[in-house]
Amino acid sequence: MSTPLLTVEDLNVSFPGRGGVTRAVRNASFTLGRERLGIVGESGSGKSTTGRALLGLIPHPGIVTAKTMRFGGDDLLACTERDWRRLRGRRMSMVMQDPKYSLNPVRKIGQQIGETCRLHLGSSHKDAERRTLAMLEAVKIRNPDVVYNLYPHQLSGGMGQRAMIAMMLVAEPDFLIADEPTSALDVTVQNEVLRILDDLVRDRGMGLIFISHNLTIVSSFCDRVLIMYGGKIVEECAARDLQNAKHPYTRALIAAAPSLDVRRAELATVTRDPEWLL
Amino acid sequence: MIAVKDLNVTFQNDGRSIHAVRGVSFDVAAGETFGIVGESGSGKSTVLKAIAGLVAPSSSAVEVGGRTAAMRRSRADRRLMQLVFQDPYASLHPRQTVDDILREPLVIHSIAAIDEKVNAAIADVGLSLQHRFRYPHQLSGGQRQRVAIARALILKPPILLLDEPTSALDVSVQAEILNLLSRLRQSYSLTSILVSHDLAVVAHLCDRIAIMQLGRLVEVVSAGDLRAGTVNQDYTRELIAASRGFTRAVT
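As you go down the protein sequences, you meet chains A and B in turn.
Residue numbers are given in our numbering: position 142 of the first sequence equals residue 128, and the series is strictly consecutive.
Residue numbers are given in our numbering: position 5 of the second sequence equals residue 252, and the series is strictly consecutive.
For reference, chain B alone in the conformation it holds in the complex (with noise of 0.2 Å):
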């Protein structure tokens, strides 16, 4: 479904150029839900920027649904997938009502029946009607982020992108949106993307997850093994230690 090809993407900067992603490569096949965790830095959600056409890649490199998806995208391309941004307090306008935001995609794309597709994606994501004419500060940060996913979704893409869904929210916020996620995966047949920081939140979610560091992809493993720890680098050791809480050993 999504193919990446040695990706390579760089960001100049006063004269300097930063070499944020370093040829990544990996498949994602339809229906699957991958992974990439990372430090901060690592260029994990440039890696997703690139896949959505955000930011340009120095080679283009990206195939989505077996074509070359262009440096520009159309409009087809774009209802082909959507993404999701870490933090609902920015993603979404702060004077738009709910209705207003997820009637936009609706307009832009020329669809028809917008009301009752507006109705549906709130009671999809687990909000009642109540909330469709308020405006984003009246929503609690879950709820925010449930409105961002409507958003994402309310063009049924077959392609779903994440990036860092859950983690500006509580683990019991974050519980509930999980699963929601899980849920709309199944329903929609979804092929997605998870981009976090939380080794956990990605070996409940994914199948396969991508390691990255410094811009390289350090190795791909599946869930099961990360969980096992039965890895191959010594990075994806480090972090697995790292996210199992405080240890006084020196590593």
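Extracted from the complex, chain A is given alone in its bound form (with noise of 0.2 Å):
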């Protein structure tokens, strides 16, 4: 890991309303590299606002300020639309956590995907059909031909998520953000998934951050995770020390889960402290 693919230094997302500033993500600063990089937290702890501001998805008026944002060789901060649309789907891409919302319902499968190849590569008909098919035997479909001409009603959940896994895939980018990509997916289908992602990471270099609340998950699939709580992250940590974690919230969140290896009679609850948002 020598340059790092991005660099982010003191994010803040804010969306000012009736009853002041809501501050979604306070000073956020980490580096991605060629690597898994998880993010975890509850809801409302601002780890899918980050994904969004790092893709330049955070709609009016909320406003996105950082001392650096870098991606490569681009500055995110001086971006334009414009640039923003060259980055995004070529370069950049995020992967949503229900297949069934983020899919146009009435196009077939192949001519969605098809369309990213031709908007982003510039590619023929033909190529784009080629490509796609190719994608589609990558994220391990079974019969690419039949899905091709499906809609997404016509699949099952997994199938779906691999699907869009497979559109935002097909144009190579170099960094993927996948927010709870296996949310909605069963726990035998998630490992198959992940299985897919992780291929890509080590087989193509990308860099993956990947957003979930679940500590099982991102303690076994990534190398470093972020833990965030009320927009600030707490913690950062080797995926593989996260039940040594040191910040009282982290400690907390590990307790608060049911484990399959040790038995609680009672679960710990979490007791939040306002200093942690200091």
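Hints are computed from structural coordinates only; laboratory data are not their basis.
Please note: incorrect hints may appear among the correct ones.
Unchecked claim - For lysine to aspartate or glutamate, the following EDC-like pairs were computed, each having C-alpha atoms within a straight-line distance of at most 20 Å:
1) B:K403 to B:D346
2) A:K86 to B:D334
3) A:K86 to B:D346
Starting from two chains that each stand alone, build the complex the way the hints lay out.
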């Protein structure tokens, strides 16, 4: 990991509203190399907002400020809408949580994935079809030629999520954000999807940000983990050391989760300390 | 307390019939917490709904408290068991206050002293009286699930059916709800069935656990055996392995 793929310093995202400004992300700083970086936290901790800010997808009236936000050779802070369109899809991509809501329900899977190739790679129809079929095969879909002609509602959750991943990866981005990519999936399917992402990081040297609320998955899948609470990164540690985390919030989260290994009469609850946000 | 014998449920859809539950049998003793785990489409929720009388089994096969449950449940049958649903955002009426929601079962069953019972139910699930006249949208997800549990328990039913009661909640909130459930289970000596896709949750709360796959009951194991991995079926082993997190090796 010589030069990081992505450098973020002091990222702040805030949403002005009637009751004052909501600070969704507070002074977040991190770097990403060609590795799997996990972001964990509960709902409202700012993990998805961080991901969206990196792709320039914070909707009006949200305000994104940072000291540095660099991706490869590009300064993301200076990006115009035109620059973003050049980056998104081609060089950075995001897999959303639920394939049901993020695929276009009235277009066939093949057409949707092919569109990415034609827009970002300038492929011909024929080339787009070839790439799409190859990509569907790469995400372990058994009958790519059949799935090519199906509509999203004809796919199961796991298949839909694989189709989503195929669409995001067909343009071969350097950097992928996976926002709860397996939360809507069954545990046995979840592992297959993770294995596909894992292969892509290893074989293509892609950088991956993996957003999840599930500590077990993150600690077993990622290289490094950021723990977010109330918009702040409260702790950063190696994924395998998550069980020995130091921050009281991380420790409380681990203790609150029921485990197959340890029998607990009562689960610990999280007592929140306002000082964690200072 | 509950006996399910050769339960079959078939849904008719566009001329196609879907056999959602295929010959499932099990018994739940009084005071026991029985778990059902399985992946989506395994029929676990359908089994629970058939016990609650919300879907009609193709062969009547459910016995509750020694009596065969009729297809159409009487008011007395309904007082025997109550259900808590998965999504607290969808299972509470958005235009009713907590007070309205908790009052309704008491009114339907013509039970006296409504006011005290509502207050007691609110206190029982760890909410405070200031929540009584709030609407569901003014409550957090965990507080809403507490209201749903209070509604289920306000009739003091001996049986509580739980359909994924914590899967829409954060880990810290899930811990609070699971603690609440195990406390209530003891103080009311409830018999309960918990349906979940999360093995760790089921092993935490239940004594015996049924594993379901594609409408069939794969096996019934004790929580201890599930933790230790001493199970008989390959599918159960696969589920346990998958629940322990990501492994690179192809299973």
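Each hint, compared with the structure:
no., hint, verdict
1, B:K403 to B:D346, "17 Å, holds"
2, A:K86 to B:D334, "18 Å, holds"
3, A:K86 to B:D346, "36 Å, violated"
Checked against the numbered hints above, the structure violates only hint 3.
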